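Chemist: Sequence:
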Amino acid sequence: MIYAIFAPLLLAIFVPMLSKIKDKIHTGIFVFFIPFVIFLYFVRYIGNDFQPVRETVNWIPSMGINFDFYLDGLSLLFVLLISGIGALVVLYSVFYLSKSEKLGSFYVYLLMFMAAMLGVVLSDNVFVLYTFWELTSISSFLLIGYWNFKERSRYGAQKSMLITVFGGLSMLGGFILLTIITGTTSIQGMIEQLDVILNSEYLFLILVFILLGAFTKSAQFPFHIWLPDAMEAPTPVSAYLHSATMVKAGIYLVARFSPIFSTYEWFFIIVSLVGMITLFWGSYMAVRQTDLKAILAFSTISQLGMIMAMLGFGTEAAVFAAMFHILNHATFKGSLFMITGIIDHETGTRDIRKLGGLMTFMPMTATLALFGTFSMAGVPLPFLNGFYSKELFFESTLGLDSANFFGQIIPYIAVIASIFTFVYSMYYFFGVFTGPNHVEKLPKKPHEAPFGMLVSPIILILGVILIGLFPNMVNAPFIQHAAEAVNSSVEYHDVYFWHGWSSPAFIMSLIVLVVGTVLFITRKKWAGVYRILPGKNSFNKVYDALIEKVDTYSAGITNFYMTGSLRTYMVLILGSIFIVTTAFMLITTGFSISFDDVASVSILEVSVVMVIIIGAVATLFTRNNLAAILVVGIVGYGIALLFAIYRAPDIALTQLVVETISIALFLLCFYHLPRMNKREESVRTKTTNIIISVGFGLMMTLIGISAHSTNLFDSISDYFLETSYKLGGGDNVVNVILVDMRGLDTLFEIAVLGIAALAIIALIKLTSNKEAK
Numbered sequence: 001m002i003y004a005i006f007a008p009l010l011l012a013i014f015v016p017m018l019s020k021i022k023d024k025i026h027t028g029i030f031v032f033f034i035p036f037v038i039f040l041y042f043v044r045y046i047g048n049d050f051q052p053v054r055e056t057v058n059w060i061p062s063m064g065i066n067f068d069f070y071l072d073g074l075s076l077l078f079v080l081l082i083s084g085i086g087a088l089v090v091l092y093s094v095f096y097l098s099k100s101e102k103l104g105s106f107y108v109y110l111l112m113f114m115a116a117m118l119g120v121v122l123s124d125n126v127f128v129l130y131t132f133w134e135l136t137s138i139s140s141f142l143l144i145g146y147w148n149f150k151e152r153s154r155y156g157a158q159k160s161m162l163i164t165v166f167g168g169l170s171m172l173g174g175f176i177l178l179t180i181i182t183g184t185t186s187i188q189g190m191i192e193q194l195d196v197i198l199n200s201e202y203l204f205l206i207l208v209f210i211l212l213g214a215f216t217k218s219a220q221f222p223f224h225i226w227l228p229d230a231m232e233a234p235t236p237v238s239a240y241l242h243s244a245t246m247v248k249a250g251i252y253l254v255a256r257f258s259p260i261f262s263t264y265e266w267f268f269i270i271v272s273l274v275g276m277i278t279l280f281w282g283s284y285m286a287v288r289q290t291d292l293k294a295i296l297a298f299s300t301i302s303q304l305g306m307i308m309a310m311l312g313f314g315t316e317a318a319v320f321a322a323m324f325h326i327l328n329h330a331t332f333k334g335s336l337f338m339i340t341g342i343i344d345h346e347t348g349t350r351d352i353r354k355l356g357g358l359m360t361f362m363p364m365t366a367t368l369a370l371f372g373t374f375s376m377a378g379v380p381l382p383f384l385n386g387f388y389s390k391e392l393f394f395e396s397t398l399g400l401d402s403a404n405f406f407g408q409i410i411p412y413i414a415v416i417a418s419i420f421t422f423v424y425s426m427y428y429f430f431g432v433f434t435g436p437n438h439v440e441k442l443p444k445k446p447h448e449a450p451f452g453m454l455v456s457p458i459i460l461i462l463g464v465i466l467i468g469l470f471p472n473m474v475n476a477p478f479i480q481h482a483a484e485a486v487n488s489s490v491e492y493h494d495v496y497f498w499h500g501w502s503s504p505a506f507i508m509s510l511i512v513l514v515v516g517t518v519l520f521i522t523r524k525k526w527a528g529v530y531r532i533l534p535g536k537n538s539f540n541k542v543y544d545a546l547i548e549k550v551d552t553y554s555a556g557i558t559n560f561y562m563t564g565s566l567r568t569y570m571v572l573i574l575g576s577i578f579i580v581t582t583a584f585m586l587i588t589t590g591f592s593i594s595f596d597d598v599a600s601v602s603i604l605e606v607s608v609v610m611v612i613i614i615g616a617v618a619t620l621f622t623r624n625n626l627a628a629i630l631v632v633g634i635v636g637y638g639i640a641l642l643f644a645i646y647r648a649p650d651i652a653l654t655q656l657v658v659e660t661i662s663i664a665l666f667l668l669c670f671y672h673l674p675r676m677n678k679r680e681e682s683v684r685t686k687t688t689n690i691i692i693s694v695g696f697g698l699m700m701t702l703i704g705i706s707a708h709s710t711n712l713f714d715s716i717s718d719y720f721l722e723t724s725y726k727l728g729g730g731d732n733v734v735n736v737i738l739v740d741m742r743g744l745d746t747l748f749e750i751a752v753l754g755i756a757a758l759a760i761i762a763l764i765k766l767t768s769n770k771e772a773k
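If you count the sequence shown from 1, position 203 lands on 203 in the UniProt record's numbering, and the numbers rise without skipping.
Think of the hints as simulated: they come from the structure by calculation, not from any bench.
Misleading hints may appear alongside valid ones.
[Stated by the list, open to error] Capping the alpha-carbon separation at 27 angstroms, the derived lysine-lysine pairs in BS3-like fashion look like this: (1) Lys541 / Lys441; (2) Lys150 / Lys441; (3) Lys524 / Lys536.
Given the structure is predicted, the values throughout are model-derived calculations rather than measurements.
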């Protein structure tokens with residue numbers, strides 16, 4: 001499994017090189033084979049005898065953080081969607097994206113996202129899951145903002161990042177609490193300690209934290225506002241991220257943790273309530289939109305709300321319906337996003353007000369859209385998979401506790417929301433493909449898309465039809481295992497089209513069909529209701545106002561301390577360290593002074609220290625640049641002498657080398673600087689300087705004495721002395737510590753120096769270019 005997850009990242013390394021030959025071979029052709037092979041690898045697990053598979057690769061075992069992968073029915077469902085839809089999206093993008101686009105960047109971002117999503121759904125370790133979770137936010141940010149020359153693309157990318165990362169950090173808090181309570185980082189291990197979690201005093205807090213992560217990622221009300229703005233991304237991105245994968249990550253999270261929280265009353269209340277509100281609001285707002293992708297965006301919000309609500313119900317029927325609809329939604333919604341891209345590509349617009357009558361010009365696209373929209377609407381036809389899962393959804397609402405008021409009103413909300421779902425589905429299809437055409441108003445003369453662009457939506461629509469005709473073909477060997485992973489008590493039952501005229505679910509579908517048809521025909525007459533609800537109110541306005549306030553206050557705070565004065569920066573840094581550290585040490589009684597185990601001090605040591613002090617003080621009164629550097633050098637060489645006295649010759653030599661090089665560099669730099677003139681400073685400034693310098697020095701002195709006087713732990717030096725030769729193979733303990741035992745520290749120190757060197761080179765080149773101009 002680990003190879004499947006990291007294969008997209010490995011290919012991403014070579015994509016920039018492959019993109020250089022895009023004029024001959026489209027980069028997407030190379031990328032296509034990765035998700036396709038991953039799909040073929042995992043599809044072999046489908047079957048009635050499927051059993052979960054575990055795989056572990058050590059990462060940070062000392063902290064219990066390893067690449068623990070777990071493949072069960074739930075993760076298998078999502079893996080096949082990620083890889084299968086991913087392969088179709090890449091194939092579609094080959095014909096959608098021009099070779100003049102920055103294809104290297106696009107496919108690198110897409111492969112990053114694919115690997116991140118695979119990691120999310122396969123990880124059993126909560127911290128590894130979180131790592132991949134945030135990688136989905138980063139990669140989706142890059143994909144949404146791919147056309148960064150557009151202001152709306154940058155805005156949508158930033159909004160999605162801020163909202164989803166906020167939820168991710170909340171989710172991390174829940175994971176940390178779960179780890180503390182259970183003592184394990186494994187999700188399956190946490191499920192085995194169900195009683196411990198349910199009896200924890202932090203249970204509600206954990207639930208809220210994890211649900212915040214799920215709701216923000218899956219665009220649940222009121223966090224749904226990022227999804228419509230994310231439609232500024234190229235259509236292949238919308239088809240992939242916002243119909244089949246990223247927005248379903250939150251759904252996956254709730255499903256994965258359902259075995260832990262499903263018996264908790266607040267789980268049912270919060271998840272069901274948020275899901276039903278999202279279902280209604282998304283479908284209601286979709287009818288208002290005029291941009292085709294905006295219609296589909298709010299449609300996605302609505303459908304995600306429906307799945308979330310069913311997971312909140314937690315009943316056997318609801319869980320099975322949720323898993324079934326996850327698959328169905330990916331087929332018809334993925335195809336509709338691609339069809340929208342085709343319409344935009346071939347007409348030059350997505351504005352439904354400018355479209356109409358396109359069935360004559362684009363008959364194949366219209367046929368595909370007919371199946372997709374009618375399946376999304378849940379029209380009762382036996383070859384549309386959307387109808388089956390919508391019927392199961394209605395049945396699940398009827399199976400709730402009728403003694404509870406919330407349980408009584410849920411079926412009514414479901415019907416009302418489904419009516420609006422029917423309306424926007426018909427609005428999409430008939431508004432685009434029937435009625436009078438407006439060819440003269442379109443940026444391009446419409447014509448049928450090239451066959452290559454139609455292949456992916458054709459395959460998805462075939463999925464709609466085949467699942468509709470043979471629903472049990474995928475249920476027993478596939479969907480059933482996913483449902484059992486969420487609720488182990490789910491029992492298999494056949495799904496069939498006809499339940500009889502008296503079936504409550506079928507009656508609900510007929511109500512949706514009749515009322516929806518009436519509302520669609522009379523849409524223009526009642527559309528004025530949107531001027532009342534939501535009217536001028538919008539959660540987007542709340543978000544924009546909040547971001548504006550944050551920008552204003554943060555700019556004010558930054559301007560307060562970013563004055564360009566080095567003295568101000570030093571005062572703030574040293575003053576803050578002095579105040580915080582001293583206060584903490586006093587509160588915790590950290591200052592401890594003891595001279596019990598102190599060696600005698602010779603006259604030589606005292607003399608060297610006095611020279612160091614004199615050199616340090618002398619720098620304050622020296623006005624000549626070169627003299628000041630030489631006096632500072634006395635301090636450095638004095639410290640090197642102390643190292644030699646205390647029998648640390650290697651450190652003394654290092655100090656001598658560094659000090660000599662530093663003095664030489666300082667002399668070269670300061671030679672060209674103006675003479676240090678004495679400045680007249682106010683009493684307040686002098687007082688501040690004295691307090692901070694003396695206070696900081698005194699604090700460091702007391703900390704040094706306290707560190708020597710306090711022995712809270714056994715000295716680590718004995719460990720290094722005993723093991724340096726055995727582990728590092730060297731007699732010089734200090735060198736072994738730096739190179740082997742603290743090798744990562746040394747590596748990162750070198751990396752920091754390397755980055756600094758690159759920054760200096762960039763500044764030099766930038767300056768040279770400006771001077772040349």
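Chemist: Now look at each hint and say whether the structure bears it out.
Modeler: Here's how the hints hold up against the structure:
For the proposed pair lysine 541 and lysine 441, the alpha carbon gap of about 32 angstroms is over 27 angstroms, so the pair is violated. Using a Cα cut-off of 27 angstroms, the hinted pair lysine 150 and lysine 441 holds, with the two alpha carbons roughly 24 angstroms apart. Taken as a hint, the lysine 524 and lysine 536 pair is honoured in the structure, with Cα atoms around 19 angstroms apart against an allowance of 27 angstroms.
When held up to the earlier numbered hints, the structure conflicts with hint 1 and nothing else.
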